[in-house]
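We have chain R already, so just place chain W on it with the hints.
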Amino acid sequence: MSESVNFMLPERFDYSFHRQFNEGCNDYIANANLNEIILDFSRVGYLDSSALGMLVMVQKKASSAAKKIKIKGAKGATAEILRMANIQKMIEFV
Amino acid sequence: MWAWLIMQMKEWGILAVAAVGGWVLAEWVLPLLGVALTLGAMFYLYSHKPKPVENKEQVNYHLESAFRQSLIQAGSDILNTLEDASKDMDMLSGIQSDAVHTLTSAFNQIKLLLERQQADISSLLFAENAQGRQESFGVRMSSFAESTSHTLDRFVDTSVTMSAASMDLVEKVTRISEQMPHVMKALKDIDQIAAQTNLLALNAAIEAARAGEAGRGFAVVADEVRALSNRSAGFSNEIQAKLNSINNAICELTEQVGQVASQDMTYVLAAKREVESAINEMLQKAESDQVIARQMEEISHKLVDGLHMAIRALQFEDMSTQNIKYHVRNIKMLDPLGQSLKFSPNSIQQLTQSISNASADYHQQAANKKRNPVSAASMNSGGVDLF
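Protein chains in written order, with this note's numbering: chain R, 1 to 94; chain W, 95 to 481.
Here chain R stands alone, though its shape is the one from the complex (with noise of 0.2 Å):
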């Protein structure tokens, strides 16, 4: 119940991701030998606004199943989009 596992996020995280975002994180939230889901956006080079929505709601999903959310590698415009949203506010940066 220590394990934390690194979720590669696609190079454009739009809408058209929603599908495997929801199953991938529903899926790590539900194994219970996870405690902590990093989400690696060293690859992200665009994102939009269902992509924030995306990110409030898996917080949101794995604070009611007391499980960690982290956002890691982010860079540029992506960050800039993160940060001017408040992302950090909720999901810690490593």
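Keep in mind that the hints were calculated from the coordinates and are not lab data.
Even for Gly, the Cβ is constructed at its ideal location relative to N, Cα and C.
Hints are not guaranteed to be accurate.
Examples of chain W residues lying across from chain R (beta carbon under 10 Å, computed) [to be verified]:
(1) Gly116
(2) Val118
(3) Asp247
(4) Ser253
(5) Ala259
(6) Ile333
(7) Val362
Leaving out everything else, chain W in the frame of chain R:
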């Protein structure tokens, strides 16, 4: 013995009387005698003094004509010069007054213009806010900047919240549509049952026909069962068609919600950056305007101070005018002396008399005249009374 004693006392008494008499003589009698002698000598000298005045009255010396002429000429020249001098001084004072008044009014006008200019500058840089307070554009700009960036933040927050809600919706709808295959499979099972029932009813009908008259009633039942199985197959088809259209609608809905949820954030970021840089520029401009305004205000104050000093310095006109008037009066006082020379009478006594009269007149006036009202040598020593 007694006689000798009395003799001795007499001698001492005589000595004492002599001593007292000598002291009185030295202290009182001799000085009084000296004073009396002096008075007597003075009286003697005075009573035997010759009396020249009485002799002089009787003699009448006449002035030499050429000397008198030159006296008259000198008197006339003196009078002319005095008159010219006082006229020139009056004129000088007039010119000076004119010039100083022109300067004063020019300075006052400059002062008014400066004040107006200052007011214009501050109305350019300051404006009344909604509460009626004077407020600089810098302050307004920063409050505008603050509210703009607040609005942008709220917009971003709203977008994120809305996207999160939409994604939640999409997920829930997706879960509904995920139930579809199960429902479809159940309906397919119903279809199979219907088909088997139909087949069974058909078999029953065949068996009933074979039984003849006795199976007629059973044939009716078999027909009914067949009809029921057909109807249930029909219902199942109908439900499947409806479920298919619901599934299609759900797909459409998911797509549309997705579109709503997927707003490009890059342009918001770009817009935010643009607004921030524009606001920064405006703030910097407002700040530099403020600095310039303060400098201009300072310059303006210094100019007004300088003008005040200049206007104050122009009060020298009053000092100088009073001085000139004082000297014109002084010159006028010499008039009788000049007159007495110009109209030199024939006799030396009359001339002496007239000069001494004029001189007495001059001294009388000089005694009565006021002190020079202006004693200060410079403006700074404060000899001016401002009215």
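Now for the hints, and whether the structure bears them out:
{"no.": "1", "hint": "Gly116", "result": "violated, 134 Å"}
{"no.": "2", "hint": "Val118", "result": "violated, 131 Å"}
{"no.": "3", "hint": "Asp247", "result": "holds, 8 Å"}
{"no.": "4", "hint": "Ser253", "result": "holds, 5 Å"}
{"no.": "5", "hint": "Ala259", "result": "holds, 7 Å"}
{"no.": "6", "hint": "Ile333", "result": "violated, 27 Å"}
{"no.": "7", "hint": "Val362", "result": "holds, 7 Å"}
Taken one by one, the earlier hints fail for this structure at numbers 1, 2 and 6, listed in ascending order.
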